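Visitor: Go ahead and model the full structure; you've got the sequences and the hints to work with.
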Amino acid sequence: MPLFSIGWDRFLIHMNELIQNMEKKRLSLRMSEKRLNKLRAYAADRDKTITSLVEDWIDSLLKRR
0 MPLFSIGWDR FLIHMNELIQ NMEKKRLSLR MSEKRLNKLR AYAADRDKTI
50 TSLVEDWIDS LLKRR
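For the sequence shown, the residue numbers in numbering that gives the first Met the number 0 are 0 to 64.
Simulated from the structure, these hints should not be mistaken for laboratory data.
Keep in mind that the hints are not guaranteed to be accurate.
Stated by the list, open to error - Derived DEER-like restraints, expressed as beta-carbon distance ranges: (1) D8 - R39: 36 to 44 angstroms; (2) L61 - R39: 20 to 28 angstroms; (3) G6 - A42: 17 to 25 angstroms; (4) R9 - R34: 43 to 51 angstroms; (5) I12 - T50: 40 to 48 angstroms.
Unchecked claim - The calculated lysine-lysine pairs, modelled on DSBU-like cross-linking and capped at a C-alpha distance of 35 angstroms, are: (6) K62 - K37; (7) K47 - K62; (8) K47 - K33; (9) K47 - K24; (10) K62 - K24; (11) K62 - K33; (12) K23 - K62; (13) K33 - K23; (14) K37 - K23; (15) K37 - K24; (16) K47 - K23; (17) K37 - K47.
Predicted model, so just to flag it, every value in this text is computed and none were measured.
We put the CB at the ideal spot given by N, CA and C, even for glycine.
Guide: Given below as structure tokens:
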């Protein structure tokens with residue numbers, strides 16, 4: 000069923016349920032301040048978050064399998 004046929008309020012309820020069902024886990028890393036600054040600069044240069052860089056890197060590992 001196309002999204003536009005379910006109604007805006009039903010769509011918002013559905014999206015809220017999807018968001019609540021997504022469990023995010025936290026990853027903590029230890030690294031030097033110099034490396035952290037390089038990582039932040041790299042992310043800023045590409046207009047991405049560090050999270051999205053890590054997720055992209057993980058996805059690229061899975062494609063290599």
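Visitor: Which numbered hints turn out to be false for this structure?
Guide: 3, 5
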